[in-house]
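Colleague: Sequence:
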Amino acid sequence: MGEDEDLSLTWDGVQLEPDNYDCTKHDAVEGATPTPSPTPVAGTRDFDLQLGWNNFVWTGASGTDPATVLSCIDGNYAIAYRFMAVGQTFQRYVPGDAALSNMTNLDKYDSLLVLVTASGVQCLGMPVEP
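Just remember that the numbering used here sits 1125 ahead of the position in the sequence shown, which is counted from 1.
Certain hints may be false.
Said to hold, decoys possible - Listed next, the in silico SDA-like pairs over lysine to any residue satisfying Cα-Cα at most 25 Å (straight line): (1) K1233 / S1187; (2) K1233 / M1209; (3) K1233 / T1164.
The hints are simulated quantities; they were obtained by calculation from the structure and are not laboratory data.
Please put together the full structure from these sequences, using the hints given.
Modeller: Right, dumping it as C-alpha coordinates:
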(Lines of atoms letter the chains of each structure in order from A and count residues from 1; the text may use other names and numbers.)
(Lines give C-alpha, C1' and ligand atoms only; values in the text may rest on other atoms or scores of the structure.)
Protein backbone atom coordinates (compact mmCIF):
# COMPACT_ATOMS: atom_id res chain seq x y z
CA MET A 1 0.00 0.00 0.00
CA GLY A 2 1.17 3.46 -0.76
CA GLU A 3 1.50 6.01 2.00
CA ASP A 4 -1.04 8.33 0.37
CA GLU A 5 -3.84 5.76 0.20
CA ASP A 6 -6.92 6.24 2.36
CA LEU A 7 -6.95 3.45 4.95
CA SER A 8 -10.19 4.51 6.61
CA LEU A 9 -12.82 1.84 7.06
CA THR A 10 -16.43 1.98 8.09
CA TRP A 11 -18.59 -0.73 9.48
CA ASP A 12 -22.27 -0.29 10.09
CA GLY A 13 -21.83 3.47 9.85
CA VAL A 14 -18.98 3.57 12.41
CA GLN A 15 -15.57 4.90 11.38
CA LEU A 16 -12.86 2.31 12.14
CA GLU A 17 -9.24 3.21 12.66
CA PRO A 18 -6.63 1.32 10.63
CA ASP A 19 -4.21 -0.79 12.65
CA ASN A 20 -1.22 0.25 10.53
CA TYR A 21 0.08 -3.32 10.60
CA ASP A 22 1.97 -4.42 7.53
CA CYS A 23 1.85 -8.20 7.44
CA THR A 24 4.46 -8.30 4.67
CA LYS A 25 7.27 -7.16 6.96
CA HIS A 26 8.89 -9.56 9.39
CA ASP A 27 11.53 -8.42 11.82
CA ALA A 28 14.10 -11.00 12.85
CA VAL A 29 14.35 -11.65 16.56
CA GLU A 30 17.87 -10.95 17.78
CA GLY A 31 19.68 -13.97 19.11
CA ALA A 32 16.82 -16.38 18.45
CA THR A 33 18.05 -19.95 18.17
CA PRO A 34 15.78 -22.80 17.17
CA THR A 35 15.44 -25.35 19.96
CA PRO A 36 14.88 -28.96 18.95
CA SER A 37 12.25 -31.00 20.74
CA PRO A 38 13.71 -33.13 23.50
CA THR A 39 14.22 -36.79 22.71
CA PRO A 40 11.51 -38.84 24.41
CA VAL A 41 12.78 -41.04 27.21
CA ALA A 42 11.49 -44.38 28.41
CA GLY A 43 9.44 -44.43 31.58
CA THR A 44 6.76 -46.43 33.33
CA ARG A 45 3.06 -46.12 34.02
CA ASP A 46 0.69 -47.42 36.68
CA PHE A 47 -3.01 -48.14 36.33
CA ASP A 48 -5.89 -49.71 38.26
CA LEU A 49 -7.85 -52.74 37.09
CA GLN A 50 -11.31 -53.77 38.22
CA LEU A 51 -12.58 -57.24 39.02
CA GLY A 52 -13.79 -58.73 35.72
CA TRP A 53 -12.90 -57.88 32.14
CA ASN A 54 -10.41 -55.07 31.51
CA ASN A 55 -8.90 -53.71 28.33
CA PHE A 56 -5.48 -52.07 28.25
CA VAL A 57 -2.64 -51.40 25.86
CA TRP A 58 0.92 -52.72 26.05
CA THR A 59 3.27 -49.73 25.96
CA GLY A 60 6.58 -51.54 26.28
CA ALA A 61 8.94 -52.83 23.62
CA SER A 62 7.73 -54.81 20.64
CA GLY A 63 8.49 -58.52 20.67
CA THR A 64 7.72 -59.02 24.38
CA ASP A 65 6.29 -62.36 25.49
CA PRO A 66 2.82 -62.39 27.13
CA ALA A 67 4.08 -63.55 30.54
CA THR A 68 6.37 -60.51 30.76
CA VAL A 69 3.65 -58.16 29.53
CA LEU A 70 1.25 -59.42 32.21
CA SER A 71 3.81 -59.83 35.01
CA CYS A 72 2.57 -56.64 36.72
CA ILE A 73 -0.69 -58.45 37.55
CA ASP A 74 0.71 -61.97 37.95
CA GLY A 75 -1.60 -64.18 40.02
CA ASN A 76 -4.54 -61.80 39.60
CA TYR A 77 -5.89 -62.78 36.19
CA ALA A 78 -7.24 -65.95 34.58
CA ILE A 79 -6.84 -65.34 30.84
CA ALA A 80 -5.84 -62.66 28.35
CA TYR A 81 -6.96 -62.21 24.75
CA ARG A 82 -5.53 -60.22 21.85
CA PHE A 83 -7.54 -59.57 18.69
CA MET A 84 -5.68 -60.22 15.46
CA ALA A 85 -7.02 -58.04 12.64
CA VAL A 86 -5.50 -60.30 10.01
CA GLY A 87 -7.72 -63.35 10.05
CA GLN A 88 -10.23 -61.75 12.45
CA THR A 89 -9.28 -64.12 15.29
CA PHE A 90 -8.29 -63.94 18.94
CA GLN A 91 -5.09 -65.24 20.48
CA ARG A 92 -5.19 -66.26 24.14
CA TYR A 93 -2.72 -66.52 26.97
CA VAL A 94 -3.52 -68.66 29.99
CA PRO A 95 -0.88 -68.33 32.72
CA GLY A 96 0.73 -71.67 33.47
CA ASP A 97 -1.05 -73.52 30.65
CA ALA A 98 1.05 -73.65 27.48
CA ALA A 99 -1.37 -76.14 25.87
CA LEU A 100 -4.23 -73.59 25.94
CA SER A 101 -2.07 -70.57 25.10
CA ASN A 102 -1.50 -69.52 21.51
CA MET A 103 -0.59 -65.86 21.98
CA THR A 104 2.66 -64.86 20.34
CA ASN A 105 4.92 -62.00 21.41
CA LEU A 106 3.22 -58.63 21.73
CA ASP A 107 4.14 -55.43 19.96
CA LYS A 108 3.97 -51.91 21.31
CA TYR A 109 0.35 -50.66 21.36
CA ASP A 110 -1.21 -54.14 21.14
CA SER A 111 -4.47 -54.15 23.08
CA LEU A 112 -5.31 -56.88 25.58
CA LEU A 113 -8.62 -58.02 27.01
CA VAL A 114 -7.85 -59.51 30.43
CA LEU A 115 -10.08 -61.29 32.96
CA VAL A 116 -8.95 -59.95 36.36
CA THR A 117 -9.81 -62.27 39.25
CA ALA A 118 -9.35 -59.97 42.26
CA SER A 119 -10.50 -56.55 43.43
CA GLY A 120 -8.13 -53.61 43.75
CA VAL A 121 -5.52 -54.90 41.29
CA GLN A 122 -2.93 -52.41 40.10
CA CYS A 123 -0.44 -52.77 37.30
CA LEU A 124 2.63 -50.96 38.61
CA GLY A 125 5.64 -50.12 36.51
CA MET A 126 4.50 -51.06 33.01
CA PRO A 127 7.23 -49.81 30.67
CA VAL A 128 6.50 -46.95 28.30
CA GLU A 129 8.82 -46.97 25.32
CA PRO A 130 9.41 -43.70 23.47
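Colleague: So, for every hint listed, does it hold in this structure?
Modeller: Now the hints, each set against the structure:
Distance restraint check for K1233 and S1187: the Cα-Cα separation of roughly 5 Å lies within the 25 Å cut-off, and the hinted pair is therefore satisfied. Annotation: proposed proximity of K1233 to M1209 holds, straight-line Cα distance about 14 Å (limit 25 Å). Restraint check for K1233 and T1164: satisfied, since their Cα atoms lie roughly 18 Å apart, inside the 25 Å limit.
Violated hints: none; the structure is consistent with every hint.
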